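Read off the chains here:
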Amino acid sequence: MANRGNRRAKIVGTDIEIDITEKKDIVIESHDDDHGHDDNHHKETFITKYIFSIDHKMISKQYLITGLIMGIVGIAMSLLFRLQLAWPEESFGIFDVLLGKWATDGVMDPNVYLALVTIHGTIMVFFVLTAGLSGTFSNLLIPLQIGARDMASGFLNMISYWLFFISSALMIASLFVEAGPAAAGWTIYPPLSALPQAQPGSAAGMTLWLVSMAFFIASSLLAALNYIVTVLNLRTKGMTMTRLPLTVWAFLVTAIIGVVSFPVLLSAALLLIMDRSFGTSFFLSDIFIQGEVLHYQGGSPVLFEHLFWFLGHPEVYIVLLPALGIASEVIATNARKPIFGYRAMVGSILAIAFLSTIVWGHHMFVTGMNPFLGSVFTFTTLLIAIPSAVKAFNYITTIWKGNIQFNPAMLFAIGLVSTFITGGLTGIILGDSALDINLHDTYFVVAHFHLVMGISALYGLFAGVYHWYPRMFGRMMNKTLGYVHFWITAISAYGVFFPMHFIGMAGLPRRYYTNTNFPYFDDVANINVIITLFALLAGAAQIIFLYNFISSMYYGKKAEQNPWKSTTLEWTAPIKHIHGNWPGKIPHVFRWAYDYSKPGSKEDFVPQNVPLKKGEKELQH
Amino acid sequence: MTILLVLTSLILISIAVWQLTKILELSKPADYDDSEIASDKDNDMQGKLMFLFLIFIYALTIFSFYQWGDVMLPESASVHGENYDNLLWFSFAVIFFVQTITQALLHYFAFKYRGNKKRKALFFADSTFLEGVWTIIPTIALAGLILYGLFTWVDIMTIEENDDALVVELYAQQFNWKARYAGEDGVLGDANVRFLQDFGGKNLVGIDPTDRNGDDDIVVQELHLPVNREVVFRIRSQDVLHSAFMPHFRAQMNAVPGMINQFAFIPNVTTEEIRLRPEIVEKVRKINKIRFDKSEDLVASGDFPLDPYEFDFLLLCNKICGASHYNMQMKIVVETEEEFNRWLDDQPTFKEFVQ
Ligand code: HEM
Ligand SMILES: [Cu+2]
Ligand SMILES: [Cu+2]
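Which chain is which? The protein sequence lines are X and F, in order.
With the working numbering, the residue at position 38 of the first sequence is 38, and numbering never jumps.
With the working numbering, the residue at position 254 of the second sequence is 1254, and numbering never jumps.
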C-alpha cells in the first residue's frame, strides 16, 4: 500500500522538480485506510459516491448523463421546429401537448419558433458538445491515460460539475417562464436580446439564459484549469509529453482555448446584463422602439459581436478538438495501425488552436466592419484549412493498409472524418469574404456548421461512448444495435444537411418561421419536407442508441479487461472502479501510445507500460 | 392527413428496424459468437457497407444537383454579380474535386482494408515526404483562392462615389423596410431616431426638420432602381439588427442601430427583362403550378385560392429581428432611367408629405 511509485512534479517553467509522492500519498492513503483497495467494503454513502463524488470516473458519468438528457431536449426541439418548417402553420397535436399556450390550436407561434432554435442551438453547442463531450471524456481519460490517481483537485472537479448542473437546470427552467425563453438566436445579438420591447423572449427568459451561461462559463473555467494542471503535473513516470495519447493532447489544448476565450464571453454577458438592467449603453445607441426613443447613446452592437465571436469561433474547436482526439484514438486502435504522423497531428492541434483565436471576424463580414479587416480575417480563416487538411489526410493514411476492426466506435470515427471533410470544405466558401456576402445567414451556413461541428462532434461523442463504455460501466454495448444506429444516423445526417446547401444557395435565410408567407421560395418547400423526414428518421435512430445505452448497463455482456486490444493505460486499470484507479503501483510508461502491429512483436499491440525489449527501438516520432 | 400518414409510417419503420434486429439476435445459431467485439464477419459486412455509403454520397450529390440545381443560385442582376458567380463556381469546382477524391479514399480504404484474423496491418507511422505533400498542396490551392477571393472582395466593397451615383437610404424597423431618395439636391438630409415622433409620426425615417437638405428627400415603401447606374446604399436601423439582403444582386449588409453602413452595386437588368429569361420563366411556371395545386385544396375546403406569382426582385431581412423576421421584405423594381425618373417625380417630398 505504501508504494505508489515515484511521483515527481516539475514546477512549470522552471527546472525544479519536487517529489510530491508524500503529499499525494497522504491524501490517497486516507482513502485507502478507509476501505482498502478492492472497494468491496466501501463506507461511502450513496451521497458521496453518486452525487457529491470527487472521483473523476463518477464525475465523468455525471457529465455524460446530464449531457445526454440535455441532448434529448435539444434534439426534440429541432424536430419540433422542423415539423413547422416542413408543414408551416399546420396544426399538430404534439405542439398542443408540448407547447401549450404557445401553440394555440396546435399552430406554433412565431416567437416560439425563434425560442426553439435559440435554445436548441445553445443546448447543442454548450451543454451537449462542450460539457457533455469534453466534460465526459476529459474527466474519464485524462487521469486514466496519463497514469494519475485522479484530477489535480477532485474537489474543484466536483464543483465544476455542480456548476454545470445548476446551469443546465436554469436553462431548462427558462423554458417555463411566463413570456417564454430567450429567442434572440444562440448568438443573442443585442439590441434584440437587450430589449424586452423587441421580443417577449428578451424579458425574464433572457435573464435566465445569461445567468445560466455565467454558471456554465464558471464551470468550464474551473474544469479547464483542472485539466491543464493535471496533464502538466500528474503524468506517470515515463509519460513524456510526446508519449501522450492524442486524446490527452486534444483535451489539454481544448482546455487552454477555453481558458483564453470563455472569459471574453463572460465579459460580454456581464456588459449585456448591465445594459439590460442598469441602463448602461455598451451595446446600444439611437433606438426607437414601441413608440419611444430610448436613452441609450454611444454603444455599438458590433462590439458585442466581436466579443461574442472571440469565444464563438474558438468554441467550434472546443467542440471539435476532443472529438478529433477521440477519433485519433479509436481509428488507430481499430485500424491496428499507429496513428499516421503523430507529430504533425500534435502540430496541427496547436496550429488550429492558435489560429482559431484570430479568425472570429469571418462571422462579421457584412456587419459594417471595415472591408480591410474582412480581408485579414479571410486570410487567417483560409489558413486554418491547412492544419485541418493535414489532419484529414493523416486519418485517411492511418486506415490505409490497416486491418480494420469495424466496431461501432470505428464506424462513428470514420463517419466523423467524412462529415468533417464535407462540412469543412464549405468553410472554404464561407471563409471567403466575397462569397460570404450572398451566403451569410442563409441555410448554407446551417448546412456547413452542422456538418463540420454538429455532426462531426456528435459522432465523436458516440465513438467515445461506444469505445469507452466497457471502461465506464464494465459492460459491453450491443454491437448490432450500434451498427443499426450508425447507418441510420449516417444516412439521415447527410439527408438532413446536404440539401440545406441548395436552399441556402437559393437565398433562403435562416431563422425564418415559415418560407411560404410570400411566393418566392415556394419551389424549395418540397426540399424542406425531405429534410424534415430525414430529421425524424435521425431522431428515431437515437432511440436505438438510448435503449442500447441504458439496457447494456444492466444486461450487457461483462467486459473483459482490454476488449479492443488497446495500448493506452486506461485499459490496465481494473474493470471495477476504485479510488485511485490502480490498486498497487501506477504503471510506468516506456513507449508511445501507438505501437500497433509493430514488427517483431507477437501481438498486434504493445501497451504503453510494457518496457522496450532488448534492441527494440522506440520510434523516433 | 398526409403528415399523419408519413409520421406513422416513419414510426412504424423505426419499430420494424428495431424488431428486426431483435429477431436477428434471437435467431442466432447455437455456435454463434456472441462477443460484442467485431468479428471477421462483421468486418466484412461493415466494410462493404462503407463502400455502399460512398456510392450513397455520390448518388445524393448527383441527385441533388439534378433535382435542385435550378433553385441553386438565382439569376445575377448586378455587374459584380458575374464576378461573384465566377468566383463561386471556381471555388466550388475546387472543393468538389477535393470532396470527390477524399471521400473516395476514405471509404474505399475502409472497404479494402476491412480486417480479418489473417491480415496484418502495415506499421507505417510517419513520412515527412507525404506530410509535406499534403501541407504544400492545400497551401498553394488556398493561396490561389485567397488571392482570387480578395481581389473580388476589394472590388465589390470599394465604393468610388462618382457624381452620378444614386444615393439611397435603406431604413429598417420591426418589421418593414423603407427607402429614402435624396431628391433634387442629391444630398440626404441628416436623420436620427429622435425626430421620429415629429409631425405626428409622419416623419417616417426621422429626418432632421432643421436640415434643409432633407426637405426634398423622398421616403417610399417600394425600392425602385434605374438600370446600369451605380446605386450607393446607406443602411440604417431604428431598433434592432436587421440585414439588407438582395440575393439577385449578390448584395448584403447589416442594418445596425447607431451606425450607417454602406454597400454599392450596379443593377444591370430590368425587372421587365429578367422576367423574360428562360430560367425565370421556368421558375415562375413551377411556382405557379405549386400554388395552383395548393389553391385547389384551399378552394375545396372553402378558402380563397392563392394569388398567382409574378417574379420580382426582393430585399429580404436576413438577421433575426423578432417575431415577424420571416416576413420583412421589400419589393425591388429595376427599370429604365426614364421610368425611374417618372416614378420618382410622382412621389411626395418630405416637405410635402409632412404638411
Ligand atoms: C436531428 C438533428 C438536428 C437537426 C434536424 C437540426 C436542425 C436545425 C435547424 C433547422 C436549425 C435552424 C436554422 C435556422 O433557422 O436558423 C438549427 C439550428 C442550430 N443547430 Fe441544429 N439540428 C440538429 C442537430 C444539431 C446538433 C447536433 C448541433 C450541435 C452543434 C446543432 C446546433 C445548432 C445550432 C448552433 C443552431 C443555430 C441556432 C440558431 O440559429 O440560433 N444542431 N438546427
Ligand atoms: Cu468561426
Ligand atoms: Cu428584420
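Quick caveat, the hints were computed from the structure, so don't treat them as lab data.
Note that the coordinates shown come from a computational prediction; the quantities given were computed from them, not determined experimentally.
Just so you know, even glycine gets a beta-carbon here, dropped at the ideal spot from N, CA and C.
Some hints here could point you the wrong way.
To be verified - Stretch-level coverage of chain X by chain F, calculated; a stretch enters the list once three of its residues show a Cβ under 8 Å from a Cβ in chain F:
#	region
1	342-352
2	374-382
3	405-415
Stated by the list, open to error - Here are some, though not all, of the chain F residues that point toward chain X, as calculated from beta-carbon distances under 8 Å:
#	residue
4	Lys-1041
5	Leu-1122
6	Gly-1302
7	Pro-1305
Structure-based check of each hint:
| no. | hint | verdict |
| --- | --- | --- |
| 1 | 342-352 | holds (count 3) |
| 2 | 374-382 | holds (count 5) |
| 3 | 405-415 | holds (count 6) |
| 4 | Lys-1041 | 10 Å, violated |
| 5 | Leu-1122 | 4 Å, holds |
| 6 | Gly-1302 | 16 Å, violated |
| 7 | Pro-1305 | 13 Å, violated |
The structure does not agree with the numbered hints 4, 6 and 7 stated previously, though it agrees with the rest.
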